[in-house]
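Once you've looked at the hints, dock chain V against the given chain G.
Number of protein chains: 2
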Amino acid sequence: MISIKELDQQAQQIVRQAGQNAFEKMGEDYQVDTKTNYTDLVTTIDRENEQLINNQLRKIDPDSQILSEEGFGDRQITNMQGHVWIVDPIDGTMNFVKQHNNFAVMMALYVDGSPVLGYILDVISGRLYHGRRGDGVYVNDKKLNQPANLGLRESLLAMNRTLTLSGNSSLKEIAQEAIGLRMYGSAGIEMIDVITGQLGAYISNLKPWDLAAGRMLAEELGLVVKSIDGRSINVLSSNLVLVATRQVSRDIRQIIN
Amino acid sequence: MISIKELDQQAQQIVRQAGQNAFEKMGEDYQVDTKTNYTDLVTTIDRENEQLINNQLRKIDPDSQILSEEGFGDRQITNMQGHVWIVDPIDGTMNFVKQHNNFAVMMALYVDGSPVLGYILDVISGRLYHGRRGDGVYVNDKKLNQPANLGLRESLLAMNRTLTLSGNSSLKEIAQEAIGLRMYGSAGIEMIDVITGQLGAYISNLKPWDLAAGRMLAEELGLVVKSIDGRSINVLSSNLVLVATRQVSRDIRQIIN
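Heads up: the sequence lines are chains G and V, in that order.
Note that the working numbering gives residue 185 to position 185 of the first sequence, counting from 1, and the numbers run on in steps of one.
Note that the working numbering gives residue 421 to position 164 of the second sequence, counting from 1, and the numbers run on in steps of one.
Incorrect hints may have been included.
To be verified - Some chain V residues close to chain G (C-beta under 8 Å, calculated; not the full set):
1) Thr-296
2) Gln-356
3) Asn-358
4) Lys-400
5) Asn-402
6) Gly-437
7) Leu-438
8) Gly-442
Simulated from the structure, these hints should not be mistaken for laboratory data.
Computed from a predicted model, the values in this text were never measured in an experiment.
The beta carbon of each residue, even a glycine, is placed where N, CA and C say it ideally should be.
Bound-form chain G, shown alone (with noise of 0.2 Å):
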């Protein structure tokens, strides 16, 4: 059986494929359908991509299950025995679309239940962001350190426009006391912004697909990743996630008690 250092390798080249089919593609026709409303795109290059991915995590790890956005992976995931693959084939589409910038592929295996791999590709930038379990995360080939722990008022806050539009007043006063606030429309940049320390704490709704690589990460760095009250989350469920140092996450547990 292939071991886990050795898929991390073959990971790696197939989020880089999947991002150069992006890359690629981006300035040239594709479709874009509406998925819930006419802000949720989905475009033919997502669905290139799920199911490049998913053909070639087949090939490398066959006995494992597949969750990814669009469908193509296995129908119904109730139980994260064995090998689970979560893959986002491309997190900000709307960018992807609109701006040619500030998207991401993002995947990451947990094994019975618990984060081992996890990769972030910014597309445009051309940096992966990768770890495995115990062995620390790097961008590219350099690992990267442990962000400095801040608290909320020394932090930009990362937070969707559902949630500063129309969040409850906790929420609000959070968005209002960070040091400043942010939004990127992509829940893998935002990611990559926490862990690289540009930005002190994200907090979004996220799907298994938004959130399984970036916690991953997240937690292999020593950051906080919990509902915003700091119970566990289910990475099956759809949770309202806080991403952040230990000490924003106090400031945040402080605010809403």
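Chain V alone, transformed into the frame defined by chain G:
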């Protein structure tokens, strides 16, 4: 007397020099002070850049007035007669400090009140967006096309934190109606994204140095730079400004009327 075209050539060099200075110093030790409150920063590098720019402008255009953010320019500018340079030595100081990314050097020349030259340097990417009235807008040596005239529901909108959290109900409706909301923390970066069509609109409270260069470039590309209800703005005042496609500007007037 030096021609506008010659001033343009030299001004580009000055902006690049200031960008280089910020780039070289951003990883070093420098002093950070707060201005009006803990979210409003100024560093010794802002001040260095301002002196560098102002000294050079005095050499190439000695009879001009200079209005600059950190106060080394002419103290009192009450009229826009003749040449007025408006300078932001580092726009997005918070990002400069916290992110080492997403900040800009901005400069503009107004002649008898009209925008004539404009410069926004995205320091990290090294892309200089510049224009001379009647000659179009360039990124480095490449001429930019006019952005597509999309409406609000097809456009990403950038709006600052204060307006998003505490603005009136019309502003919230505008933020909700756009296809997506973004917040980058630098007027310069947000202006760049509007003139390149990555955003369809930007709404913020802007001081003269936040507005001067972006206004010049946006108007040269046929974009609207007005108050949100369509009135003209005075570059010497603080303004609530909309920079947008013509269609977004119409859609927004529909919402507020």
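Against the structure, the hints:
1. For Thr-296 (chain V), the interface hint holds, the least distance from its beta-carbon to any beta-carbon of chain G being 5 Å, beneath 8 Å.
2. With its C-beta approaching chain G no nearer than about 4 Å, Gln-356 (chain V) sits inside the 8 Å limit, and its interface hint holds.
3. Below 8 Å, beta-carbon pairs count as interface contacts, and Asn-358 (chain V) has one with chain G at about 7 Å; its hint therefore holds.
4. The closest approach between the C-beta of Lys-400 (chain V) and any C-beta of chain G is roughly 18 Å, which is over the 8 Å cut-off, so the hint fails.
5. A least Cβ separation of about 14 Å between Asn-402 (chain V) and chain G goes past the 8 Å threshold, and the interface hint is therefore violated.
6. Because the beta carbon of Gly-437 (chain V) sits about 5 Å from the nearest beta carbon in chain G, less than 8 Å, this interface hint is met.
7. Hint status for Leu-438 (chain V): holds, given a least beta-carbon distance of 4 Å to chain G, under 8 Å.
8. With a cut of 8 Å, the hint placing Gly-442 (chain V) at the interface with chain G holds, because the nearest CB-to-CB distance is about 5 Å.
Checked against the numbered hints given earlier, the structure breaks hints 4 and 5 and satisfies all the rest.
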